Every structure is written in C-alpha cells, then in structure tokens.
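Line order of the protein sequences matches chains A, B, C and D.
Heads up, the first sequence is in the working numbering, so the first residue is 381 and it goes up one at a time.
Heads up, the second sequence is in the working numbering, so the first residue is 36 and it goes up one at a time.
Heads up, the third sequence is in the working numbering, so the first residue is 63 and it goes up one at a time.
Heads up, the fourth sequence is in the working numbering, so the first residue is 8 and it goes up one at a time.
Among the clues, some could well be false.
[Unchecked claim] Here are the simulated EDC-like pairs of lysine to aspartate or glutamate, each with C-alpha atoms no more than 16 Å apart in a straight line:
1. Lys588(A) with Asp523(A)
2. Lys199(C) with Glu155(D)
3. Lys37(D) with Glu433(A)
4. Lys414(A) with Glu433(A)
5. Lys96(D) with Glu433(A)
6. Lys459(A) with Asp65(B)
7. Lys96(D) with Glu645(B)
8. Lys414(A) with Glu160(D)
9. Lys96(D) with Glu646(B)
10. Lys92(C) with Asp141(B)
11. Lys417(A) with Asp146(D)
12. Lys268(B) with Glu251(B)
13. Lys265(D) with Asp550(B)
14. Lys644(B) with Glu95(D)
15. Lys199(C) with Glu151(D)
16. Lys414(A) with Asp229(D)
17. Lys656(B) with Glu155(D)
[Said to hold, decoys possible] Stretch by stretch, here's where chain D covers chain C in the computed footprint (C-beta under 8 Å, at least three residues):
18. 109-119
19. 130-140
20. 164-178
No wet-lab data here; the hints were simulated from the structure.
This one's a predicted model, so the numbers in the text were calculated from it and none came from an experiment.
Cβ atoms here follow ideal geometry from the backbone N, Cα and C, with glycine treated the same way.
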Amino acid sequence: MATENYKLLKKESLPALFDKLTASGKTIYAPVKKGEKTEFDIVTKYSNDINDEYIQTVQSLKGTVFPKVEKLFDYKSDKVDTSIQEPDFSKFPQNVLWGLHPCDAAAFRPLDATFKWDYNDEYFLTRMKLTTVVGLSCSKHDDYCFCSSVDISPASGDGSDILLTKNKAGDYLVEIITEKGQEVYDMAKDLFGEISDDKESYITDVPKKFDLTELNKNLDGSFEAPYWLAQSMRCIGCGACAYVCPTCTCFDLQDEGAANKGSRIKCWDSCGFGHFTLHTSGHNPRETQSQRWRQRILHKFSYMPDRIKVFGCVGCGRCSRACPVDMNLSEHLIKIMEEPKHE
Amino acid sequence: MARIGVFVCHCGENISATVDCGKVAQVTSDIPGVVVSVDYKYMCSDPGQTMIKEYIEKKKLTGVVVAACSPRMHEPTFRRACGEAGLNPFLCEMANVREHCSWVHDKNDVTTDKAIDIVRTLVEKVKRNEPLMPIKVPVTKTALVIGGGVAGIQSALDIANCGHKVIMVEKDPSIGGHMSQLSETFPTLDCSQCILTPRMVEVAQHPNITLYTYAEVESLDGFIGNFKVKIRKKAKSLDEKLCTGCGLCCTKCPVKNIPSEFDQGLSNRRAIYVPFPQAVPNKPVIDKEHCTYYIKGKCKVCEIVCPTKAIRFDQEDEIIEVEVGALVLATGFDIKRADFFPEYGFGKYKDVIDGLQFERIASASGPTLGEIRRPSDGQIPKKIVFLACAGSRDPAKGIEYCSKICCMYTAKHAILYKHKVHDGTAYIFYMDIRAAGKNYDEFTRRAIEEDGAKYIRGRVSRIYERDGKLIVVGVDTLMNAKTVEIEADMVVLATAGIASPGAEELAQKLHVSYDQHKFFAEAHPKLKPVETNTAGIFLAGACQNVKDIPESVAQASGAAVKVCGLFSNDELTRDPSVAVVNRTAPPLFSTCVGCFLCQSVCPYQAIEKEEIKSRDGKILKTIAFVNPSVCQGCGTCVALCRSKSIDILGYTHKQVYAEVEALLNTL
Amino acid sequence: MNEFEPKVVAFVCNWCTYAGADLTGTSRIKYAPNVKIIRFPCTGRIDFMLILKAFAKGADGIIISGCHPNDCHYTSGNFHAKRRWMVFRTMLDFLGVDVNRITFSWVSAAEGARWAEIVNTTVDGIKKLGPYDNYRKMVNEETEVNNG
Amino acid sequence: MDKLRQKAKELLSNNEVQIVVGYEEGTAGKARPAFISSPDQADTLIYDERCIHNLAVYLTQHKLPNNTKIAIVASFPVMKSIITLASEKQLDENFINVIGISKDNNLIEFKDFADIERYINQQDLSFTPEEQALIDKIDAMSMEERWEYWQNEFSRCFKCYACRSACPMCYCTLCITDFNQPQWVSVPSHKLGNFEWHINRAMHLAGRCIGCDECSRACPLDLPINLLTKKLSMDIQKQFGYSAGQSLTEPYALSTYKPDDKETFIR
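Let the hints inform the model, and build the full structure from the sequences given.
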C-alpha cells in the first residue's frame, strides 16, 4: 500500500473543533457510548464518551434528513376557504454528522436519489443541503457487516464531505472531499496539520460475501421463486429492519387534528407491514409475509438500481442485528446467489 | 354532506332566562354541516314541532338537533315529529341545555357558551347517526311452565285462560307441590287440598295445557319468543292410555317399606305407587330403584294383576323437543332437613320433626288421619314445643335470610294443635314475630290470645332426652335471659326454607342467574321482580325466594301477564340500539378474531358464534354474532373488544369519539 | 376573571347519573359550568381510550359516573366497568398520569344534590392541580418540527 | 437435544405433523426460530438456554398453510401462551403437537392441552424477586418521576411494532393502532402517538400477558415495555387472583367480575 499525504487532526484538537462548530451554530451528531452500545446523539462539545471505535449503532442518522415524524404544514379552514402554513425552511438545523462509517455516508446517495427521483422533496433536500457529513473509516467489523459485498469500502469517502481515518497514535488522517468539507476545514485551519501515512493499514478488512452485479442478475425473473416463502417463514412482519435501515424511505402521511384545523405529518412506514398495501376494497396485493420479504429484497437490489441507478443497501448490517428473529440479510442474499437463476 | 337542523328551545323562560338562545342559534349555524339553526319559545308545542317538520322538508335535513330539555323528557316527542316528516327518528338527537345547563348555572356568557358546546357536541354526533329500524322478532305463542306447584299451576291456568298454549313440566309423578302436603293454610285455616285439588284437575283437563309429569327439562336453546326446549320424560313403566288408575297394582306390590316422600317419611309407600290419593294424574309410576323386578329381574306382580295390561317394564326415558316463546320458572323451594340440626337431636329423636312433617300429621289425609300423634309411639303429645327460625337468620348456619313463612305457619301449627289437643300446651321459641300481611298479625295474636300458645322470645341451645321426655333448653330474653327448660313430648322445628336441590343445575341449563343461596335472581330487585336476565324467562313463586301461598300466586299471575303481554303481538318490536359485530370486505370479513372473551361479559347471553362460509360451505372464519333480539344494548362487550369489532348502534365509536372532540371544542 | 377555568368532561350512564344530573336541574341546584356531559348507555360501554382522548383533546379533568353497584340497569355493566377502571387506573398511575384528575363515582337517579357535589368538588380539585400541562406538553410536541 | 431431534424425525416421518417449529443455530452464536418440514433437516434442531424466542407467536401468524399439523418446541412460556391462546379459541388441538421442554431441558410428552394445563400448575408460577424489584423501582418513584421516566423511554420508540409482532397474544387481524374510524391511536411515533400505542398494547394484554418478556427482547431500542404488562399482571393477580396462561376454562379476569371487588377510589 502506498503512503499518501493527509491533513492531520490531532485527538487533542477535537474539543476546540467541536467548540468552533457549535459556536458557528451547527448541531453536532456523534457516536456516544451508552452502556454496552454506542448510539448517535446530539453533542455540544467533545467528550471521551464519543466513541471512534464502535462497529455499528442500532439506528442510523437517516432521521436527521428524513425524520421519523415530520410536520409538513398546518392547515386551517373556515366555511370560506382553507389556508396552509408551511414551516420556515431557513430555520432547519445545520447538522454536522460526526464519525459515521462509510456505509452510512454512502446511504445518503439512495435517499437523495429517492427524494428527488420524480419529485423534489423540499424538506429532505433542504435538510440534506444543511448537512455536513464527517465520515470515519472502519477499524473494526462484525459478522453482520457486508459493505464490501455491496461495493462500498470501509475506507470509502463516498457520501462524506470529510473522511477521517484513525491512525495508531489515535489521531485522524483527514481527507477533505467536498466544498462543505472545505468550509469546515477553513473554519478551523489552525487545528489541522499535515501528515503522510498509509491509511489502508488502519482499515479493517470486511470479507466479500457475494457479488452485487451477479446478485442483481440473479434476481431477474426470481419473482415466482420458491425461496421467498422458505426464507420468510421465520419473519414476524415487524418494521425493525426498515426503521433501522439507513436507506429505507417508505413513509405515511397523516392528517392530525380535525376537518377545519390541524397539521399534515409525514412519518416512517414499512413495506414489511401487512397493511402497507391493503386496499380499501379489502384486496391486498402483498397479502403474505413472503411477498413482503420479496418486495424488500427486490426493491433494494433490483428495482432501485434499475430505476434510480443506485442500490438500496449499504451493507451496514443493521437490519440483521435488529431483527428479533435473526433474519440475516447477507445470509439470505448468499442463498439466493446459490439458487439456480429463474427465468 | 350532512344537512343538520338545529332547533333551540326557550322553554318559555326556563332556558332563555340564563341562556342567550338567539346567540346559541346564531353561533351554531356556523358549524360545518348545519344548514339551519333557529330558536323558538316552545319547540315541543304544535307550532314548534310543525316548524321542525317544515324545515326537514324545506331544507332536506339529514339530521336534527333539538336543544331543549332532557332527552328523557321529550326525545320520543321530537323523534316522532321527525318520523312524521319522513326523517328516520334515530336521526334526531336532543341537546340537554335545560336540566344540564340553564337550570344549574347563572345567567352569563359562560352558561351560553356551555349551551353552544352542548349543541355542537350533539351536532357532531347526529352527523354520524345512522337510520335505525326497530327490531322485529317472531313469537311462538306457547309457554313452558317448569314446576307444578301452586305457582306453576296459577301461571299455567292464567296463560291458558288467555287462550295461549301451555306446556307444564313437573319432575314428580303428580303436580301439586308443597301446597298439596299442607293441612290447613294461614290465615284462614281453610283446607289446603280443598282449594288446590280443583286447580290441579283444571290443569289436567284444560284444552290449552299439555302436562308432562315425572319429566324434567333437559336443555334450552334459542331466545325470547323462539326457545327450543328438550324435555326428558322419565319412564313411568306404564302405558298411561291403558291405565285406568284403579290402583290395584299399588295394593298388590310386595315392596311395602319405602318411606313416602309425600308424607315426609312418616308413612310408607310401595315400589309402584301414586304419591297421594288426589294426585294428578292419578296414575302410578314404578320406582325403579326399589322395584324388585328392576333390582332382581323377577316379580312383575303388578303386571300380572293389572286388569288393562298397562305395565311396561321395557319403557325407556323419552326425550321430546318443544318450541316455546316464553318460560315460567316455578320450581319452588325445599326445607332444611335433619342433618342440619344435630344440636336439636333432629334425626336422632323420632319426636323432633320439621314443619312439613307436622303438616302431614295435622292433615286429615295424613298418616295419623289428622290426629296429633307423635311419630315414636303414637302418643298424643301434651306438651309441644315449636322452634321458629330453625336455621333461618343464622349466619353461623350460612343462612342470613329470613325464611318468611315460618312465623305464620308456626302460629298456625300452634292453633291447629290446640284445636286438636284441647288439654295440650304449645310453646313457641322465636326471635321476632314477623306477621306482616293481611290478617297475619291478627292470626298470630289469635294463637296467643285465643289458643294460648306460649311465645318465648329466645333461642334454644339444645334438646336432649330424659326418661321419655324431650328436654328443650333455651333462654327467655324477655325474662332477663333466664334459662328455661321445657319437658316436651314433641318438638317441631320450623326449618329454614332453601332453594330446591336441582335449582342451580337448572339455572345453568337455562342461563338464568341465581344468588348465593341458589334462588333464581330477578332482573331488577325492585322494578323487574318477575323477569330474569334472560329475556323471555320469568319467575313465579318460591324459586325466587321463599314465599307463602298468596305471594306465590300473585307473582305467578304477574309472570303470566308478562308472558301474555309478550304473546299479545305476533312480533316483538325492540329498541334497535343494540351491539353489532362489524363486517368488512373479504378476505377479512370482519375484524373480529373470535376470541369470544365478549361472551362472558354479556349479561344476556346475546353473543353467539357465527361461521362465515365460502360458497362451497367451507368455514372460512368463526366470529362473534350479537343476537339483536336478545341484546339489550348495554355495550359492555363494546368496551371490552380489543379490535373494536363490536359497536353499539346509537353510541358508536365514531359518534362518542366525535362528541369528545366537539365537547372540548377541538373540531 | 383570569382564574384558571378547567375543562372537565363527564362520561355518564343513561339510567342513573344522567338521570341524576337531570334531577339536579329540576331541583335547580347550581354547580360549576366547567363540566360537560356525554351520555352512554352504561358505564360498561365507556372505553378507556375515551379518557385518554379527552386528555389529548385538552381536558384538565374527567368524571366517570354510573349506577351504584347492584343498581345497574343491565345488572352488571357497572361491575365490569369497575374492574376495568381498577386496572386502567393502575396503568395510568404507573405511567405517571395524574389519576387525581379523574373522578370515578356512583350517582343514582335520585342523587341530584350529590351530582352537584361531585362536580363542584372535582372542579375545585382540578383548579388546585392547575391545567394539565404535562399532557399538553406531550400532545404539542408533535407539532414541533421533529429532528429525528 | 438428540431426543428432540429424534422426536421431530418420528413425527415428520410418520407424517404425524408436516412442520416442526423449533430452534436452529443463528448468526453470531445466537439461536433462532426454525421450521423443519423433512426428517433429514431435523438434525439442525437445537435446544439450549439461547432458545428464548416465544415460538407460540407462529401459531397465531396465520401464514402456516391450512390443515397442516405442526409440532412446536415448547419452553415454559410457550406452554403458557398455548393455554391462553386455546382459552381464547385461537388453537385447534388436533393440529398442534406440543413438544414440551422442561426447565432442565428434558422432553415432556403431553396428551392434550389439559395435560399442559396440569403441568403448568405444578410449576412455580410466582413472580421472581428480580421481576418484583423492577416494578418496585418504578413504583417507588414520584408521579412526576414516573411520568418523566416513561416520556423519555417512549420518546425513543419509532413504532416498528416489533413488540406487537413478537407477542403471541397480539393476534388481531386489524390492530387497534391500524384502526382509523375513528383514529384511536395517533399513528406517528411522536410522544403522544407512542404513549397511546404503548398504553393500548398494555391494556389489551392486561391479564392476558403470560410474562415471556418477548416484547422488550424484540424491541431494537430495548424499551422496557414488558414492565407495563408485568405491572398489570401483578396487579390483576393481586386484585382478582387471576393469572394468564394457567387455565383453559377460567373466565378472563376482565370479562368477569365479583360484586365485592375491592377498590379505593370510587366516590
């Protein structure tokens, strides 16, 4: 592996950097130790609870750009007419997402592609515009990780504005990737140094479990395949996988209040729920869990690449860790690869 | 889109004195869906009602809210008016702005605002009302009377005389019940048999009455107006058509030593027997438990002697099924027996007997032909002691209640005794003398004053035998609780009246509720004393609680009227505000998941199983079904149902939910 | 006049308490106007969710009232209701909901004065407790733009 | 474990059942539910302390093909679930073969559900001191503290409904929370929506919860929601002497009453 030149951010400079970010009105999300686990949380200053060696959090940072509950507007109506009050987009928070892994950074691509596919979702796009992503290469992984199988490297800067890689001294090799990243750098130049080092030597090696393009091919004509039922037998049809997934975008619209005043709310939903596709007629195109499981896989690995040219999975493994009955995604995908191709 | 009319009543000054009715009308006219809102001095007056009717037609109203008095007052009035104008009556609601507002608050804006909120609430409700049709249920105009005692007889005759068919089921070989065992009856001392027997015969001969003696109810299905009853006719081992009732068999039967139930064990009967001379029907039955043939397989004397060859040893129990529209339960009562009173040596000393036994002794047709002779040696007792409240009003014995009849019959016993044993003395231990009733107190006085019965207020601790005498040890609480000892020749215990042995089992078969003492429970302690919780099943006589003859007869006639009232229509019309289990599009069919936890909350057993079948008859789903002809509309099941699959018409989820929102002005 | 006037919803059964409240009226007994009544066939019909909905929609207090034990028009509706409330009350208390804001009572058709007394004491009690801000906070949170 | 596999083989090969629901090795040393439909797969069955899922949930998930006889590996909570489900008319005895597993991991043969009922009532059914302690901890808080505690916990909930899906007793085909005429439970996972959801879940399981704690185990966010139903179970047990999963016939605590039920708050 070749040695390259990086910016250097020393561990002891972190407090200063965090203070600068906070001072400039940014909201910082960072991975914080919570007992056994590490979860993203809002921090105003640097602390030792911030964990830069975690493997993966339960929840992704999807919620910062696609909140689990988001009010779209208030409405009022009297006998005459109806008025709508949208939120003030300029008041949306300027988020710095600190220390999320390359898989999570990459997850903003499919989100972005989805929310401006046929319609530009102003809420998402505004939040995205105001977000700076500071990625952190992975020094560890576990059985659930399979980013390499979906063509994302644990050291990839794709999706990050800045990528950090922790060296053995505990300092960070810094790669400025975008202008947003540059802005952060410029804001605190004095805190950064220079170093030449071999980043690859600090990166964990996530074994490749399957080949993505092969899988994608293999899924063609798999609609009637018998394995969907076999695989989904165990599934109890909850939405845990979808809600922890950094790329799932199913949502529901709810009007809360009453006929003449209230608000319209966008909230997470999951295609895994039995009633997700239930028609008023009583007909349900995805009546069984196997159909819903198939939908989940095909949507991420077939429909999305076909329609919006991006895969719906970043191999973070959250769904598999969160599943109450151990529906292990990569394991199922490998099984599908082994199946004879269905035409 | 709803088109609601709001009609605000001033009720003269009653409402307008504290509520600004004009403002109420004006503000509520802005509620979405309200197309007209007016106020008027007297809405319930003819002009008022006419105004409502006109608006219904003119404005094509889909709902009406009358803001006036309590619905308990005028809801029927205004619903009728709406009906007359072609609007379904159940699309009219009343906003109670008088009792609940103008009368209880001072004149100010707050009161007017409250009135407005009340109206708004009802407007939102009525928007969600649905037209309802009264429920019609066909009626089978035949009644089943269970029990052939005086109560059953009275009910049966009353119903039959109103021209309806009656089926009477009696478990014993003869009807007549306890009354037929009595000697004379208080307070008039006329002979029980003499007044009862004609009624018994009338029952047997009445064209509208079918009598099944020696029979019991096996099971009950269906609901008010439409019951299906299975009756078990126990084998009498007799062809009743052939039997003439000559009684030869009874005299020839070799088994002679079976204690007679009718004589309370004071005499014996044969294995083939007629319980008593005036029995109806006056035809024998074979008691299989004691009959030598049924035990040993040989004998058949009765068959040999029978002139008409009516004996049928191979006869078996027969189950018949009948359809009836109503039931009258008249299964009567029983009394506590020997085993209950060890302290009184009851069962140990032959001459300690219970009230019913004394009735038999005093009865002209009894074992002693009416002479007062004691069981042990047939001597005439010179000193006799009566114990009232033997078991009754005694929590220690588990019977808190007063058996009610004992005071009176004990006084009667004392009188009868004195009449038959002129030189004898009757002592009566009592707690209180309860003689409420027409000529009752006079009667007990007569026992004391004319017939010299010695009343001692106190309880008896024990009775034991000392050289041929029964020593009764008690206290006289009126003589500063000094102990009294009486050397008696005979002791009569007025033992507690209790529910008849089969009561609990029967109640369960019929799904009628019963109290902790196994007496059948009336539907309402004050206002529905002859109804049970199960619509169409009524109570007569002592099965509901111990009663004397006049009370039993009165209640029996009451029950009979309830039945006749029910039968006076070809169809019952019932309030449509009942619970319904929802139905949805297939493949769900209903959100009910069939856990049937609702079944046990229903006070009326209205919830049944319904099988949803495919065209080829395959069962797709089993869900709950609320029988609209049984449901009374309490809605207890509605609140229990987790999946909100049951709703109650007139108080639906949508309605009450909207009311909450409207009331808090959040709509 | 800027004293806090609580909103109180009363869920009552048709046969006893509603009639009792009618009697309060016919006897012209005055009581606090804060309470507004919703009529049910029986306390057994009252769904626990209605209590929560009332709070969610802005009630500061709630009265639930029906027939005295053994007087239920449907014989047992109030007994079932009683059990449910026993359980529901435990639940609310465990969750930190202020159960003192809910009055459960038996008021018969003959107890007009008692109804007025129940209403007044309840309203006074709620006035002391003040507006139900905790619940209000929880409800209003939904309207703030959520940041995930 | 061999006994279990043996039993499964038998049942499948004599076609007494078509599917055996049990456990198999899962990811990262975890066990997971398994569906065995042929004797030769039976050797993948395992049973040990890692097998904690309440498999009874698959008895009410109606996706098992109709008229299939299934055998289910039943730990103690599963047995209790089966009794409750049977008492709620959800199970057909003729289609379910229960392979009981005793506390010391031995196979138990059951003739019928009544047999299971008998077995259950021979076991110690009291709440553990640990359980009691968890409840006491919250009871000890002030009202305000309890409110804050649950508000914080609930605010994390994102309504994936894993608690519902993992619970054998949550078998409604249309859950109250999916019911929108009217909207009893606010749908979004904001504080109110979560509060209303969890209170409904608990109330609908009041006296029906058999205490397997599957709800909080299934929760990806580790919300201690099992405490809600546990609290109610304890209370109902104390007040009415009723516990779920112990009787096929006794009426459900909230669908019956005693006139002398003792309360302290009704005026």
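Each hint, compared with the structure:
| no. | hint | in the structure |
| --- | --- | --- |
| 1 | Lys588(A) with Asp523(A) | holds (11 Å) |
| 2 | Lys199(C) with Glu155(D) | holds (12 Å) |
| 3 | Lys37(D) with Glu433(A) | violated (24 Å) |
| 4 | Lys414(A) with Glu433(A) | holds (14 Å) |
| 5 | Lys96(D) with Glu433(A) | violated (52 Å) |
| 6 | Lys459(A) with Asp65(B) | holds (8 Å) |
| 7 | Lys96(D) with Glu645(B) | holds (13 Å) |
| 8 | Lys414(A) with Glu160(D) | holds (14 Å) |
| 9 | Lys96(D) with Glu646(B) | holds (14 Å) |
| 10 | Lys92(C) with Asp141(B) | holds (8 Å) |
| 11 | Lys417(A) with Asp146(D) | violated (27 Å) |
| 12 | Lys268(B) with Glu251(B) | holds (7 Å) |
| 13 | Lys265(D) with Asp550(B) | holds (13 Å) |
| 14 | Lys644(B) with Glu95(D) | holds (13 Å) |
| 15 | Lys199(C) with Glu151(D) | holds (13 Å) |
| 16 | Lys414(A) with Asp229(D) | holds (12 Å) |
| 17 | Lys656(B) with Glu155(D) | violated (44 Å) |
| 18 | 109-119 | holds (count 5) |
| 19 | 130-140 | holds (count 3) |
| 20 | 164-178 | holds (count 4) |
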